[in-house]
Amino acid sequence: MNKRSSKQLLGRTAKVIFFLLVLVVFLFPIYFMTITALKTRSEIETRTTIYPHELNMKNFREMTRGPWKRAIINSIVVCVSSVALCLPVSFLAAYAFSRRPFMGDIHLYFWLITNRMAPAASFVLPFFAIYTNIGLFDTKLGLLFSYTLFNLPLAIWIWMSFMEAVPKEIDDAAFLDGFSVWRYFLRVFLPVLKPGLITVAVFIWMFSWTEMMFAVNLTAVASKTLPAQLTVTVMRLGYGVDWGMAAAGGTISIIPGIVLVIFTKKYLTRGFVPLRRL
Amino acid sequence: MSDKRYLLIFPAIILLIFNSIFPLVVVLNYSFTKPFSDNPVFEGVDNYVDVLHSSEWWDAFKRNALFTGIALAIEVPVGLLFALLIRGKGKLIDIVSTVVIIPSLIPFVSVGILWRLMTRTGGPIPLFMGFFGVAYTLMTPKSAFWTLIIMDAWHWISLVFLLLSASLVTIPEVYYTAARIDGSTKWQTFRYITFPGIKLSLITVLLLRIIDSFKLFDENFILTGGGPGRSTELLSFFIIKKGIREWVGGFSAAASIIYLVIVILLCYLLISFLTKGKGMLER
Amino acid sequence: MARVEMKDVSCSYDGGMTYALRNVDMTMEQEGRYSLLGPSGCGKTTLLKIIAGLLEYTGDVYFDGQNMREVPIEDRSIAMVFQSPVVYPMSVYENLLFPIRREKLASQERERRVREISSILELDPILDAPAHKLGPADRQTVALGRALIKEAKIILLDEPLTSIEAEKRLVLRTKIKRIQEEQHKVFIYVTHDQSEALTLSDRIAVMNEGRILQFDTKEHIYEHPAYLFVGYFMGSPGMNMLEGKAKKGMMDFVDFTLPVPPDYEEYIGRHEEFEMGIRPENFTVSTRKKRDFIPFYCMDIQEKGEGLRILYLTSKEKRNELKAVGTFPDIKSGSEVWVLFPAGKIRIYDKESGKTVL
Chain G
8 MNKRSSKQLL GRTAKVIFFL LVLVVFLFPI YFMTITALKT RSEIETRTTI YPHELNMKNF
68 REMTRGPWKR AIINSIVVCV SSVALCLPVS FLAAYAFSRR PFMGDIHLYF WLITNRMAPA
128 ASFVLPFFAI YTNIGLFDTK LGLLFSYTLF NLPLAIWIWM SFMEAVPKEI DDAAFLDGFS
188 VWRYFLRVFL PVLKPGLITV AVFIWMFSWT EMMFAVNLTA VASKTLPAQL TVTVMRLGYG
248 VDWGMAAAGG TISIIPGIVL VIFTKKYLTR GFVPLRRL
Chain B
200 MSDKRYLLIF PAIILLIFNS IFPLVVVLNY SFTKPFSDNP VFEGVDNYVD VLHSSEWWDA
260 FKRNALFTGI ALAIEVPVGL LFALLIRGKG KLIDIVSTVV IIPSLIPFVS VGILWRLMTR
320 TGGPIPLFMG FFGVAYTLMT PKSAFWTLII MDAWHWISLV FLLLSASLVT IPEVYYTAAR
380 IDGSTKWQTF RYITFPGIKL SLITVLLLRI IDSFKLFDEN FILTGGGPGR STELLSFFII
440 KKGIREWVGG FSAAASIIYL VIVILLCYLL ISFLTKGKGM LER
Chain V
1441 MARVEMKDVS CSYDGGMTYA LRNVDMTMEQ EGRYSLLGPS GCGKTTLLKI IAGLLEYTGD
1501 VYFDGQNMRE VPIEDRSIAM VFQSPVVYPM SVYENLLFPI RREKLASQER ERRVREISSI
1561 LELDPILDAP AHKLGPADRQ TVALGRALIK EAKIILLDEP LTSIEAEKRL VLRTKIKRIQ
1621 EEQHKVFIYV THDQSEALTL SDRIAVMNEG RILQFDTKEH IYEHPAYLFV GYFMGSPGMN
1681 MLEGKAKKGM MDFVDFTLPV PPDYEEYIGR HEEFEMGIRP ENFTVSTRKK RDFIPFYCMD
1741 IQEKGEGLRI LYLTSKEKRN ELKAVGTFPD IKSGSEVWVL FPAGKIRIYD KESGKTVL
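Residue numbers (the working numbering), protein chains in the order written: chain G, 8 to 285; chain B, 200 to 482; chain V, 1441 to 1798.
I should point out that these hints are in silico values taken from the structure, not numbers from a laboratory.
Wrong hints could be hidden among the right ones.
Unchecked claim - These stretches of chain G come out as covered by chain B in the derived footprint (C-beta under 8 Å, 3 or more residues): (1) 21 to 27; (2) 31 to 38; (3) 97 to 104; (4) 168 to 175; (5) 200 to 208; (6) 229 to 239; (7) 262 to 269.
Unchecked claim - With the Cβ distance kept under 10 Å, some of the chain G side facing chain B (calculated, not the full set): (8) Thr-43; (9) Leu-45; (10) Val-90; (11) Cys-93; (12) Asp-112; (13) Leu-115; (14) Phe-117; (15) Ile-120; (16) Val-131; (17) Pro-160; (18) Val-188; (19) Tyr-191; (20) Gly-257; (21) Thr-258; (22) Lys-272.
Glycine included, C-beta positions come from ideal geometry on N, C-alpha and C.
With the rest of the complex left out, here is chain G (with noise of 0.2 Å):
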């Protein structure tokens, strides 16, 4: 063996070193909290351990029912009424800012942007307010609604960098050929576009699946989801936390993520490049 190779295999091996530090070091947090769902309340309180010793089920059968099964349905509600929402409404904003110049376009789609840099915080006492007086306090609806502040933005932004992709040439033809705006959306644009709309809706939905300011400021009882139920469950003073029920909620709140970076991942790349051409 020469020089040159063990000096290769030098490399290989300390990538590979390098390649499993950092799948513990990412991975173990994640492990740690699921096998903490299912452990029993005396293991968790008295020792760490890295496997349960002794099998508990219960915190997860407590995520089929009670507050937390309404949780995790108004959670899945909220996430696909938003995609249905925002998917149609940015796909049709977007089309017009990459493809229709009009007046003031450029000032309108710069507003739209900072809605999604801007503060939640900001928000969320006026959000609280005119909630309360309308009637959209704690309900799923409102949630919907001011998710519409970050989700719309977002998903105008990552529309246009795929329309962007696509030559105008087409829509010329498409409308040279007779097609009406919208057979041209549903038989030539969107056919094309469809890694787009994978991207957008995945998205939307992450996003609305992980917010938490919103939904814990904004609602009371009947619509937390997800998130605000595992925040009153960490935040509960006086009792003590119930860690097997945080960890075990956690773990469910994590699947959605995990399923699509397994799917999905190539879009979720794509979904970042449009930051680069705006």
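Once you've looked at the hints, dock chains B and V against the given chain G.
Same frame as chain G, but now just chains B and V:
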């Protein structure tokens, strides 16, 4: 056609007027009054003066700036390093890159829970630190602040990685081949090929992370609750605390507006950078 | 001096399932202009990359008798120009300087070399321009300059004109040609375009499906293609190919027969089936019946340029089709013609392998 395009953005505009302009008007209104009292009266800029004289506000601001600085100094280089090392083909690389992305898709609350589990008395991190003879507890101001930073890094290195990876693959392989033939050193290859290729993404991610760090709330709320004392109270937390818990709406609203202006300025910086010399929408 | 030698070189991208290159033996004896010519996927770029040291391979590659297996790219004394123009984000001047910046040269000498290359390639007017903002043709010229400045013994050119817009291609081709005349090095030029190969090289290796089918001077390859494929690939239009059978000491093509050329008598005596190839320019075509001429029908005529025309001919019973190239002033489309197959220009190939039988 000219009417139709306004029609196309109409739904988006309606939703955003309801969800952005309207709340903004309300919060502006609050910031000039004493809301939630029996007799809300116009108080002019009193609330703003109060905020700017509040040491709590300035503490939170400075803390947030410090937090942002340190967190970025960790996340961006490490994320870049990951993007440079975890690329190419192979099963192991596929697995590692997928795993690195996972944290950015975990709800912020759950990240908070995860790290509270890790840092609880007798939990894995105190045990691990104890192994090296360091007594660790989340409950000192210093360790709470640093844990918050480490947690943020754990959470967001993935975003830096994702964005930079996406931009690295756009650099054609042939550039690296040419550099090898020209006898380019590793540093020169990075300086003249890799860096120019990812420069735009690098600055984008930097600004995005600055903006997001200034908005951090959820993990802050869950992990430390701003404590111990006020040692980990960041801007968002401060505003929520004032508005919802301490019920000083006027003060909170004024702080919100100042906060919003700061973030929008950062945002403006980002957008004007990205569109520099290109025309806003690349027409 | 530079001699490039390959012995039994093979290369597989998928661990032996399929081979991009198989059992290549080839020697480029001295400085000169060589081309690797073939359709896409024939292995020509793979071979070039192996010479550059960019790919893993089995077999051996020698430069001047030295086995290059363990020699890293930077020590190989090679330079390479790629299909897509590669320049670094700096000025044209700095780009040209880049490969020699580490050589121990007086700065005046370095400057002199940059100036020399830039004047040959006519880069002087844009020497201070940022190279990455130039058009593809100028970028490729800069890349060419960077390859030349190193004083490498071997210059590898991987389809350098393919991504250049058509109107600038000819200009750059002329520049490459001039460089080749002024700089005495080994130039290995990869292309799928035979006219590039013919202008920019003296010896051509025609490749297909991972093998070198023929490696020879361009004249010899044209006159004596070693394979039917080579005959067909080189030339426009390519060589005519007819399936024939040996019958009573003649070559039988169903609706006409030809006498067996003397060189092939032995082979055709032993084999019943074979393929015959003949170049389109080798026919004599007459409007009147003559002795030994075969009757054909002219279906169509196309202008080839430079006064030449291509005749599309079909035999009496439409069993055989031919293309003939020449001036043919009095031939009309749709008329009957008589065609002479000169015995000295007929080439016979094995039916199975498509290989020349000589």
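Comparing the hints with the structure gives:
1. Requiring three or more residues with a Cβ within less than 8 Å of a Cβ of chain B, the coverage given for the stretch 21 to 27 of chain G holds, as 4 such residues are present.
2. Residues of the stretch 31 to 38 of chain G lying with their CB closer than 8 Å to a CB of chain B number 6, which satisfies the three-residue condition for coverage.
3. Chain B is given as covering the stretch 97 to 104 of chain G, and this holds because 6 residues of the stretch bring a CB closer than 8 Å to a CB of that chain, at least three being needed.
4. Here the stretch 168 to 175 of chain G counts 1 residues with a CB under 8 Å from a CB of chain B, which misses the bar of 3, and the coverage is violated.
5. Counting residues of the stretch 200 to 208 of chain G whose C-beta sits closer than 8 Å to any C-beta of chain B gives 0, which falls short of three, so the coverage hint is violated.
6. Coverage of the stretch 229 to 239 of chain G by chain B holds in this model, with 4 residues showing a Cβ closer than 8 Å to a Cβ of that chain against a need of three.
7. Judged by the Cβ-Cβ criterion of 8 Å, the stretch 262 to 269 of chain G is covered by chain B as claimed, because 6 of its residues qualify and three suffice.
8. Because the smallest distance between the Cβ of G/Thr-43 and any Cβ of chain B comes to about 6 Å, under 10 Å, the interface hint for this residue holds.
9. Hint status for G/Leu-45: violated, given a least beta-carbon distance of 13 Å to chain B, over 10 Å.
10. The restraint placing G/Val-90 at the interface with chain B is violated, with a minimum CB-CB distance near 14 Å, outside the 10 Å limit.
11. A distance limit of 10 Å between C-beta atoms decides the matter here; for G/Cys-93 the minimum to chain B is near 9 Å, and the interface restraint holds.
12. Because the closest C-beta pair between G/Asp-112 and chain B is about 7 Å apart, less than 10 Å, the hint holds.
13. The beta carbon of G/Leu-115 is positioned within 10 Å of a beta carbon in chain B (closest approach about 7 Å), and the interface hint is therefore held.
14. For G/Phe-117, the interface hint holds, the least distance from its beta-carbon to any beta-carbon of chain B being 6 Å, beneath 10 Å.
15. Interface hint at G/Ile-120: satisfied, since its Cβ lies 6 Å from the closest Cβ of chain B, which is below the 10 Å cut-off.
16. Given hint, G/Val-131 at the interface with chain B, holds; its Cβ is 6 Å from that chain's nearest Cβ, closer than 10 Å.
17. Evaluation of the G/Pro-160 hint against chain B yields a held restraint, the C-beta minimum of about 8 Å falling below 10 Å.
18. Checking G/Val-188 against chain B by beta carbon gives a least distance of about 7 Å; that is within 10 Å, so the hint holds.
19. Residue-level restraint check for G/Tyr-191 is violated (minimum Cβ-Cβ distance to chain B is 12 Å; threshold 10 Å).
20. Hint on G/Gly-257 holds. Least Cβ distance to chain B is approximately 4 Å, under the 10 Å limit.
21. A hinted interface residue such as G/Thr-258 counts as satisfied when its beta carbon comes closer than 10 Å to some beta carbon of chain B; here the least separation is about 8 Å, so the hint holds.
22. Evaluation of the G/Lys-272 hint against chain B yields a held restraint, the C-beta minimum of about 6 Å falling below 10 Å.
When held up to the earlier numbered hints, the structure conflicts with 4, 5, 9, 10 and 19 and fits the remainder.
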